[in-house]
Amino acid sequence: MNFEAINESLPLYFGGTLTTLKLLVVSLVAGLAVALPLGVMRASPKAWLSRPAWCFTYVIRGTPMLVQLFLIYYGLAQFEWMRESIFWLWFKSAWFCAMLAFAVNTCAYTTEIIAGAIKATHAGELEAARSMGMSRRTVLWRILLPSALRRALPAYSNEAIMMLHGTSLASVVTLVDLTGAAREMNSRFYLPFEAFVTAGVFYLALTFILVGAFRAAENRWLIHLKPRQ
Amino acid sequence: MKNLFRIIIFAATSLVLLVPHACAAQGGEKKIRIGVEGAYPPFSYMGVDGKLMGFDIDIANALCKEMKADCTLLQQDFDGMIPSLLARKIDAVIASMSITEERKRSVEFSDKYYQTPGRFVAKVGSTLEVTAAGLSGKRIGVQRTTIHDRFATATFPKSEIVRYTKQDDVFLDLIAGRLDGVVVDSVAAAQGFLKTPGGKGYAFSGPAFNDPKFFGVGAGIAVRKADTDLRDQLNAAIKSIRTNGVYKKIQDKYFDFDVYAESAPSGKKK
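Here the protein sequences line up with chains A and B, keeping their order.
Positions 1 to 229 (the working numbering) are the ones given, in order, by the first sequence.
Positions 1 to 270 (the working numbering) are the ones given, in order, by the second sequence.
Hints in this document: simulated from the structure, not taken from any laboratory.
Keep in mind that the hints are not guaranteed to be accurate.
What the hints assert, rightly or not - Simulated DEER-style distance windows between Cβ atoms:
{"hint": "1", "chain 1": "B", "residue 1": "P207", "chain 2": "A", "residue 2": "I86", "range": "34 to 42 Å"}
{"hint": "2", "chain 1": "B", "residue 1": "K239", "chain 2": "A", "residue 2": "F208", "range": "56 to 64 Å"}
{"hint": "3", "chain 1": "B", "residue 1": "G50", "chain 2": "A", "residue 2": "P227", "range": "51 to 59 Å"}
{"hint": "4", "chain 1": "A", "residue 1": "A123", "chain 2": "B", "residue 2": "G198", "range": "58 to 66 Å"}
{"hint": "5", "chain 1": "B", "residue 1": "D49", "chain 2": "A", "residue 2": "A123", "range": "56 to 64 Å"}
{"hint": "6", "chain 1": "B", "residue 1": "D229", "chain 2": "A", "residue 2": "A205", "range": "42 to 50 Å"}
{"hint": "7", "chain 1": "A", "residue 1": "A205", "chain 2": "B", "residue 2": "D49", "range": "43 to 51 Å"}
{"hint": "8", "chain 1": "A", "residue 1": "V25", "chain 2": "B", "residue 2": "D49", "range": "22 to 30 Å"}
{"hint": "9", "chain 1": "B", "residue 1": "P207", "chain 2": "A", "residue 2": "M1", "range": "40 to 48 Å"}
{"hint": "10", "chain 1": "A", "residue 1": "W141", "chain 2": "B", "residue 2": "K123", "range": "49 to 57 Å"}
{"hint": "11", "chain 1": "A", "residue 1": "V25", "chain 2": "B", "residue 2": "D229", "range": "34 to 42 Å"}
{"hint": "12", "chain 1": "A", "residue 1": "M1", "chain 2": "B", "residue 2": "D229", "range": "28 to 36 Å"}
{"hint": "13", "chain 1": "B", "residue 1": "R88", "chain 2": "A", "residue 2": "K226", "range": "51 to 59 Å"}
{"hint": "14", "chain 1": "A", "residue 1": "P11", "chain 2": "B", "residue 2": "G137", "range": "39 to 47 Å"}
C-beta: ideal position from N, C-alpha, C; glycine also.
Please put together the full structure from these sequences, using the hints given.
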């Protein structure tokens, strides 16, 4: 192990960590915000609501994120009309393309997680709510979503961790995230082991924090479903 | 459980059996695994049928024939070439790799097999002055770990150097307007980009770069430091294809000029 080279490259990795975190936070927040209504649509018994949501998740989950990223970053850039439209202001930036691809991706998976949790809601819970005279809307806001979102937490924590690792694709569109930093270091010193092990340690630390945060969230909001001791 | 044991024993024995085999392949017999790039036209690219083609590939095959060696061409990204070589995944790199002092610290090089300068490529009529001040704040695309990467990073410190894994992607982003210019090998740019439909409206700008500090003395074949035998064989093979006309035949297939730069004394400006 060449610790000197690692030491020398640490600033690169800290910058990379920042990039990775930015990509992760923006895509998770945006993805979750859109996934909430989509998840409700997807779980709806009405076909005109659930089919479009199903279509979206099917297409996005059915194609690799790398392919989507290539399509958005290099694919769209191929078209003259795209490059002359006002959208190009955003699509020109690698940041925007990466965040869009990641947000759309996590959105599709989160939609399915939320829809699954909604469908798994105990029928008695809803019956009780209706018999109290709650309107559909109130049931949704007061009963269905709070209980479904709590139950979605464990699955969602998994999705967040997968997303953290998914952001490593950003380095193929010129962003210097953690993986990009490792590539950079490798190219400077020709030390792939040191370069990628360091990146791995950083990812581990980030995952550790994520896992801890979700455990705290589960202890707060999911305590009623904990097995009794 | 018993099954698991069997699997473990099988795996262990096959490992033991494999190891001496791998050693033999590297030792006595002339089996050479050559790393090539496949995304750097006209030197190395994939034909429509998915087959590797290009100047590097033809040179590799010609050298192998000359050495009577059994060669396998393995395609991989440029930034992984030296690590793969050091990790013994490949035995030689024929990927337009320039012979530089920096690389010589980790690997051994054959004599050069061609030499071309680097250039700056930008839109036709670009008013950018190709100097550190003129390109200040501009986005310059390079292929990661290449001499052009090193050169641009050192020469244009006030510019944003954007690094790509493949040269093809650099040109794509130049067309897309995400880059203000590209620092690239002159021939790779001329043949691989400017002469193609995509390269319409782009041109060389500024001087030819050939500072030997960055650009070395031409492109050579990288081998491991310990493999001096292989290096000597490669050198002999390069010399003989230079004299027996094979080199010229390959050169004429791709270029209408002397790509070897015979007249250029090594290390000096042309």
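Verification of the supplied hints:
A hinted range of 34 to 42 Å holds for the C-beta pair B/P207 and A/I86, which are about 38 Å apart. For the pair B/K239 and A/F208, the supplied restraint of 56 to 64 Å holds, since their beta-carbon distance comes to about 58 Å. Under the hint 51 to 59 Å, the C-beta atoms of B/G50 and A/P227, about 55 Å apart, fit the expected range. Remark: the range hint 58 to 66 Å for A/A123 to B/G198 is upheld by a beta-carbon distance near 60 Å.
Roughly 60 Å separates the CB atoms of B/D49 and A/A123, a value that falls within the hinted 56 to 64 Å. Restraint check, B/D229 to A/A205: a C-beta distance of roughly 46 Å satisfies the suggested window 42 to 50 Å. In this structure the supplied range 43 to 51 Å holds for A/A205 paired with B/D49, their Cβ-Cβ distance being about 47 Å. Separated by about 45 Å at the C-beta atoms, A/V25 and B/D49 break the suggested range of 22 to 30 Å.
In this structure, B/P207 and A/M1 meet the distance hint of 40 to 48 Å, their C-beta atoms being roughly 43 Å apart. At about 55 Å, the beta-carbon gap between A/W141 and B/K123 stays in the expected band of 49 to 57 Å. Taken as a hint, the range 34 to 42 Å is violated for the pair A/V25 and B/D229, whose Cβ atoms sit roughly 55 Å apart. The supplied range of 28 to 36 Å is met by A/M1 and B/D229, whose beta-carbon atoms lie about 31 Å from each other.
Taking the beta carbon of each, B/R88 and A/K226 are about 52 Å apart, inside 51 to 59 Å as hinted. Distance hint for A/P11 and B/G137: a CB-CB separation of about 22 Å, inconsistent with the stated range 39 to 47 Å.
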